[in-house]
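> So the sequences go chain by chain: A and B.
When we follow our numbering, the leftmost residue of the first sequence carries the number 1, and every step to the right adds one.
When we follow our numbering, the leftmost residue of the second sequence carries the number 638, and every step to the right adds one.
You may find that some hints are simply not true.
[What the hints assert, rightly or not] Covered by chain B, according to a simulated footprint, are these stretches of chain A (three or more residues, beta-carbon under 8 Å): (1) 72-79; (2) 270-284; (3) 493-501.
Everything labelled a hint here was simulated from the structure, so no lab data went into it.
Where a beta carbon is used, it is the ideal one built from N, C-alpha and C, also for glycine.
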Amino acid sequence: MKLDSKIPSGPIEKKWDNHRFEMKLVNPANKRKYRVIVVGSGLAGASAAATLSELGYEVDCFCFQDSPRRAHSIAAQGGINAAKNYQNDGDSIHRLFYDTVKGGDFRSREANVYRLAQVSVNIIDQCVAQGVPFAREYGGTLANRSFGGAQVSRTFYARGQTGQQLLLGAYSALEKQIGAGAVRMFARHEMLELVLIDGHARGIVTRDLQTGAIEAWAADAVVLATGGYSNAFFLSTNATGCNVTATWRAFKKGAAFANPCYTQIHPTCIPVHGEHQSKLTLMSESLRNDGRIWVPKKAGDSRAPGQIPHDERDYYLERKYPSFGNLSPRDISSRAAKQVCDEGRGVGPGGQGVYLDFADAIQRLGEDVVRDRYGNLFQMYEQITGENPYRLPMRIYPAPHYTMGGLWVDYNLMSTIPGLHVVGEANFSDHGANRLGASALMQGLADGYFVLPYTIGDYFANAKQPKVTTDHPEFKRTIEEVGGRVKRLLSIKGKRTVNSYHRELGRLLWEKCGMARNAQGLKEALVRIPEIRAEFWENVSVTGEGGDLNQALERAGRVADFLEFGELMVRDALEREESCGGHFREEYQTADGEALRNDDKFAHVAAWEYQGPDKAPIRHKESLEFENVHLATRSYK
Amino acid sequence: MSAGTMKLKLRVWRQKNGNTPGKMIDYLAEDVSPDMSFLEMLDVVNEKLEAKGDEPIAFDHDCREGICGTCSLVIDGQAHGPIPGVTTCQLHMRSFRDGQEVTIEPFRAAAFPVVKDLVVNRGAFDKVVAAGGFVSVRTGGTPDGNAIPISKEEADLSMDAAACIGCGACVAACPNASAMLFVGAQISKYKHLPQGQVERTSRANGMIAEMDAQGFGNCTNHRECEAVCPKEIPIRVIAELNREFIRAKSKGKRVAGKSDGA
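Work out the full structure: start from the sequences and follow the hints.
Below, the structure written as structure tokens:
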């Protein structure tokens, strides 16, 4: 497998402009001759589907939810970054680029990140034009706030519902095209296989979740916009339906999977409360603008927070990282929280929590201002925990959130399979080993609105492929294969529920391949995962039939893929002998316990190539060059 | 954090699919912790059913943090259950008491046919949005975001309406199965923004015609929609919808979207 990143030549500021000019165009009359399949309808998928259709391509869009408006992008709260410099506080495209490369701990591709910073400016304009009700100042201009990891106010937001509003913008653009008959939308359809003909991605096989029908769809290119795989951990901030299935099936068909061990642990989630918990809920990172994080200085201090005097509290982020303090990036904040809890200073039941305290902010600003800024988040917290955060500090703990790993793509967002493009969280491209706040929404929309629509045309213009229909034997064969897999799951009729396997895998991954990991634990996981997988295929209980809505069957298919994928995640973590981003290999740390990166050996993307069911995958490297942001140790002190 | 567990008797609507009649079936929910969400309580009931080889109760859900609008359920006669301003997934069992009998039904409306058990098809909402719930701007070439100032008050009014998550509780709660709170929210969102002005007429005409075509009823001021809305969308959006409708009537019949597209 050859990893050709296709990074354009020239100075970084010119790469995207030059590339856009050099790429071949498809003439408007010919665009309608090309059909594109877009899988997923979140920020990346909906924006891509709408824009490709506006350009004139025939688009089929698929999502497993009952409506494209329900993709998990909707849950993002805090905001979206853009290098507008509206606040005149020194922001620029170059600074957003610099912050993102540094924030990713020098494990992302400079050229991609620069382009992301460039188009960030257009994204805001696009969304405003669509009628996204961003927060405004009294004078009518757009409001900005600062956000975890950034020292400038470049984050645009719509109350605590930025993801929802941006998604509704993209969704409305998509519905406009659906209404005009230019996009065919298939809700409640789950992609279960990718179809390759002559080595090119030419279609997919789906299961209609309402009727159970397994059908094939042919196209000239396939776009995966299927999000991240944090649900491998079972408990995560992802929606319960989020899964790895589409990208995993593409991996097994030859698409390289890059950096699967790069999972972001978000520092501000509501802590776990019990065995039956199904998900973790994020509290927006914007809360860290005014909330102060602390734990008692003494281990085992079980007094109520109000009873602990100020000088017996440890505001550990402000102490350890004075210049960033409570706004330290996610990986730093997460690890610091874990550390104080490991020292026995955690608060709340089980000691897995730290305080996020608004008492000072309420005193300084008044309760009304705090309510105006964060009211809906406070309400949500109270609803979940039964505690009033205006009176008691919130309790938070890190949890699996975004995944920076994903299918490897080149500068054109194409995977190692020609014709298979991957956008948004499903690819690996822009965040390196860590993601800064408010940058996921930016990447999803950048890919969908402003990158893919250009680059896919270049693919069509260059890769002349014969037309195929679903009558091609490869489609028929794949339908049978998918049908066989569904039948097999239904025929096991074992004793253990799908969820029990998912929970077991998730706990193992969190313990051995979570925020802190070591070679011994990872090797143990590599033994255990195949055992769980083998038992799953012998003893899982999947009830019901294949011919109608069957949620147990849907979950079983997704967990089966997590059981394979989890192993790759652990393998990747084991090979990466350095601490990088939020990925702390305990063997590699500095004397004062900070992460120790190894640029000599690991300044590269690890891209895995599938070799067959019982064979170890091959690890390829794309080395990363840092010409514009010089490799340096990150310091937030 | 509360201690102790509860037992509840559930009466749940089970229906194999849209072509088969449904009925209420009783289940026992045991070891229910007050900290569980309502859906987590159902997960536990389902896991027991699955372990026995019985089919779990089908219900819609996804984000489980009150924003995707996927979860539904009518609980003891109320869409999203007894607590105002929350979705079913954010309803916690501390709102129930030990030994309580709880009735769980799907959102019922002719425009929301039952798919299975508690799952209904709310695709009609997407059709209404496709009939005009957008600004016909193409990607790229848009003016700077600050080029058109919008006062904070107007932006906030727009945002109040845009908070709608499209869950459909308004329809389920309305004796007429009216979608006017939902449609009003979409209309109001654009009405308060300069970007929404150009297509005001075609938007109102298109969305209202589609709302009728999808089989939703009209508003007769019961205000049940506002009472159950998990995002507390104010009923003023229906007043705005009516005003937009009258205005559009006097302006002719253009329907959104039909002349656009590639």
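> Evaluate each hint against the coordinates.
Each hint tested on the structure:
1. 72-79: The restraint on the region 72-79 of chain A holds, since 3 of its residues have a Cβ under 8 Å from chain B and three suffice.
2. 270-284: Holds: 8 residues of the region 270-284 of chain A have a Cβ under 8 Å from chain B.
3. 493-501: Satisfied; 7 residues make the cut.
In terms of the numbered hints stated before, the structure departs from none.
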